[in-house]
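S.K.: The chain contents come next:
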Amino acid sequence: MPLPYYVSPEQMMKDKAEYARKGIARGKSIVALEYLDGVLLVAENPSTLLHKISEIYDRIAFAGVGKYNEFENLRVAGVRHADLKGYSYSRGDVTGKALANAYSQALGNIFTQDIKPFEVEVLVVEVAEANGAKNEIFHILYDGTIEDEHNYAAMGGQADEIRRFLKDNYREGLSLQEALQLGARALMVTQNKALTERDLEVAVLDRAKERRRFRRIPPEALGQLLEGPK
Amino acid sequence: MTDEQWQAVFANYSSASFGELLRATSPHLLPALGASSPEDPLVSAAPHGTTVLAVRYRDGVLMAGDRQATEGFQVAHRTIDKIYKADDLSGIGIAGAAGPSMEMARLFQTELEHYEKVEGEGLSLEGKANRLAQMIRMNLPAAMQGLIVIPIFAGFDDKAGVGRIFKYDITGGRYEEAEYFAQGSGGKDARDSLKKRYRKDMNKEEALRATLEALLDAAEEDIGTGGPDLVRGIFPTVKTITRSGFGEVPDDEVRAACEALLAERKGRL
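Chains as they are written, first to last, in this note's numbering: chain A, 1 to 230; chain B, 1 to 269.
Just so you know, these hints were derived from the structure itself, not from any lab. Treat the hints with caution; some may be incorrect.
Now the in silico label distances, taken between C-beta atoms and shown as ranges [as the list claims (entries may be wrong)]:
hint, chain 1, residue 1, chain 2, residue 2, range
1, A, Gln113, B, Ala24, 49 to 55 Å
2, B, Glu248, A, Glu72, 35 to 41 Å
3, A, Val189, B, Gly120, 26 to 32 Å
4, B, Asp169, A, Asp199, 49 to 55 Å
5, A, Lys167, B, Glu119, 33 to 39 Å
6, B, Ala24, A, Glu72, 16 to 22 Å
7, B, Gly120, A, Arg26, 22 to 28 Å
8, A, Val189, B, Pro27, 47 to 53 Å
In silico lysine to any residue, SDA-like type, Cα no more than 20 Å apart, as pairs [what the hints assert, rightly or not]:
hint, chain 1, residue 1, chain 2, residue 2
9, A, Lys116, B, Thr2
10, A, Lys67, B, Trp6
11, A, Lys209, B, Gly245
12, B, Lys266, B, Glu220
13, A, Lys67, B, Gly120
14, B, Lys85, A, Gly92
15, A, Lys85, B, Ala24
16, A, Lys67, A, Asp114
17, A, Lys85, B, His28
18, B, Lys85, A, Arg212
19, A, Lys67, B, Val118
20, B, Lys85, B, Gly127
21, A, Lys209, B, Gly247
22, A, Lys67, B, Glu119
23, A, Lys116, B, Gln5
24, A, Lys85, B, Gly247
25, B, Lys85, A, Glu210
26, A, Lys193, A, Pro46
27, B, Lys85, A, Ser90
28, A, Lys14, A, Ile110
29, A, Lys209, B, Lys85
Pulled from the structure, derived: some chain A residues nowhere near chain B, Cβ distances all over 12 Å [said to hold, decoys possible]:
hint, residue
30, Arg21
31, Arg26
32, Leu36
33, Glu136
34, Gln224
Ideal Cβ placement from N, Cα and C applies to all residues, glycine included.
Using the sequences and the accompanying hints, generate a full structural model.
M.R.: Rendered as structure tokens:
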């Protein structure tokens with residue numbers, strides 16, 4: 001039996017991280033923005049059938065970038081976690097924090113134990129119950145690193161440039177339309193072409209809704225919101 | 001990856017089902033009941049006795065139920081709701097032993113929502129009705145011991161553009177009703193009443209009237225069914241399911257209609 005080559009742990013982790021980062025950098029980006037009545041999620045996604053943004057529970061949404069089959073697996077696992085918890089306790093006991101922690105654990109374990117790490121980043125967003133209370137945005141990386149973000153978050157191929165743009169242009173108390181236009185402009189920062197409603201997938205966690213707050217914004221309504229006065 | 005491993009992805013078609021998930025990961029949360037005999041005092045003390053009904057009308061389906069839960073010869077609860085929203089386009093009216101019935105309604109709600117989230121689109125009305133039939137069949141061992149659960153399921157079929165009503169038997173048999181149906185200890189009285197008053201293409205007011213008359217008739221004949229309680233201001237639950245979703249007929253409207261009916265009866269007797 002041939003002896004396996006020795007690779008130092010540092011080198012192995014570095015290689016895995018580089019591999020995952022490269023995979024994610026190839027994909028398109030997603031931004032999340034807090035606005036007056038909730039949280040807005042905008043993804044560059046020309047497909048209307050393969051979603052990057054989805055509902056998890058009453059006040060919780062999920063967004064993923066990178067390899068579709070990998071973040072789709074994570075999404076379904078999240079829905080299972082949330083429904084199971086809500087069924088055995090109560091709907092109010094399902095929290096974004098617990099879910100974000102579960103994702104962090106799962107991605108961390110995969111990163112250290114599997115040969116191939118997941119090439120994904122995910123956002124777990126929970127909208128606050130009432131005006132004034134804080135929304136929660138958790139950003140989980142391919143290696144299980146978890147950060148909680150405020151006001152806005154970006155992930156995907158050009159996340160750094162987008163984050164810089166949002167840092168300069170974001171202000172609190174945006175309306176839905178203002179937030180959407182800002183989000184669309186942020187996604188255009190690194191490219192020359194203009195993004196229309198056909199290139200975007202948009203959903204909100206709308207505090208004004210009853211119980212299930214997640215709502216997709218269909219292309220027709222999206223076109224109107226994008227075109228309206230700045 | 002071996003052949004079995006990747007083929008399992010296709011065989012695992014029930015992965016969008018919350019019930020299957022419970023069975024696989026947390027079987028202790030499944031509503032299942034231990035063995036006991038029909039003579040068991042615990043079983044006969046489980047609250048039951050009810051009238052719930054569904055009526056088709058112009059815009060969809062109207063569902064209604066009385067508010068009383070009975071425990072033997074005692075009133076267990078005066079303000080229980082027996083009509084639950086299953087999802088945006090369907091509702092479930094529960095009849096039978098109260099505990100298992102409510103548990104089944106809750107599991108059914110979660111089942112529909114879970115499917116919708118995992119698959120990205122809701123089940124068809126037919127699919128929902130069949131799923132409920134399977135859940136009733138699962139309850140058969142408990143039903144044989146007296147803990148019967150036989151709901152009514154009704155909803156708006158957005159493909160066909162009409163309201164539809166499904167009734168069940170304790171073995172999970174599923175039958176579609178074209179006009180109306182009533183279930184529970186006062187179900188027969190309500191059905192007899194609706195038989196005389198039902199007309200095709202009623203508007204909402206007419207359907208509400210026929211419904212409340214039927215519930216009133218059932219409450220008069222059946223001790224397990226509560227009538228309108230004018231002292232405490234307790235009136236039947238009435239819900240509508242139409243193209244635009246699951247809605248509630250406000251209490252004030254039900255109260256006004258009930259009072260008009262009672263005044264009319266008073267004049268007649």
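S.K.: Decide, hint by hint, whether the structure agrees.
M.R.: Hints, verified against the model:
no.: 1; hint: A:Gln113 to B:Ala24: 49 to 55 Å; result: violated (23 Å)
no.: 2; hint: B:Glu248 to A:Glu72: 35 to 41 Å; result: holds (36 Å)
no.: 3; hint: A:Val189 to B:Gly120: 26 to 32 Å; result: holds (30 Å)
no.: 4; hint: B:Asp169 to A:Asp199: 49 to 55 Å; result: holds (53 Å)
no.: 5; hint: A:Lys167 to B:Glu119: 33 to 39 Å; result: holds (38 Å)
no.: 6; hint: B:Ala24 to A:Glu72: 16 to 22 Å; result: holds (20 Å)
no.: 7; hint: B:Gly120 to A:Arg26: 22 to 28 Å; result: holds (24 Å)
no.: 8; hint: A:Val189 to B:Pro27: 47 to 53 Å; result: holds (51 Å)
no.: 9; hint: A:Lys116 to B:Thr2; result: holds (18 Å)
no.: 10; hint: A:Lys67 to B:Trp6; result: holds (18 Å)
no.: 11; hint: A:Lys209 to B:Gly245; result: holds (14 Å)
no.: 12; hint: B:Lys266 to B:Glu220; result: holds (14 Å)
no.: 13; hint: A:Lys67 to B:Gly120; result: holds (19 Å)
no.: 14; hint: B:Lys85 to A:Gly92; result: holds (18 Å)
no.: 15; hint: A:Lys85 to B:Ala24; result: holds (15 Å)
no.: 16; hint: A:Lys67 to A:Asp114; result: holds (16 Å)
no.: 17; hint: A:Lys85 to B:His28; result: holds (14 Å)
no.: 18; hint: B:Lys85 to A:Arg212; result: holds (13 Å)
no.: 19; hint: A:Lys67 to B:Val118; result: holds (18 Å)
no.: 20; hint: B:Lys85 to B:Gly127; result: holds (16 Å)
no.: 21; hint: A:Lys209 to B:Gly247; result: holds (15 Å)
no.: 22; hint: A:Lys67 to B:Glu119; result: holds (19 Å)
no.: 23; hint: A:Lys116 to B:Gln5; result: holds (18 Å)
no.: 24; hint: A:Lys85 to B:Gly247; result: violated (27 Å)
no.: 25; hint: B:Lys85 to A:Glu210; result: holds (13 Å)
no.: 26; hint: A:Lys193 to A:Pro46; result: holds (14 Å)
no.: 27; hint: B:Lys85 to A:Ser90; result: holds (17 Å)
no.: 28; hint: A:Lys14 to A:Ile110; result: holds (15 Å)
no.: 29; hint: A:Lys209 to B:Lys85; result: holds (17 Å)
no.: 30; hint: Arg21; result: holds (25 Å)
no.: 31; hint: Arg26; result: holds (24 Å)
no.: 32; hint: Leu36; result: holds (26 Å)
no.: 33; hint: Glu136; result: holds (20 Å)
no.: 34; hint: Gln224; result: holds (22 Å)
Violated hints for the displayed structure, listed by number in ascending order: 1, 24.
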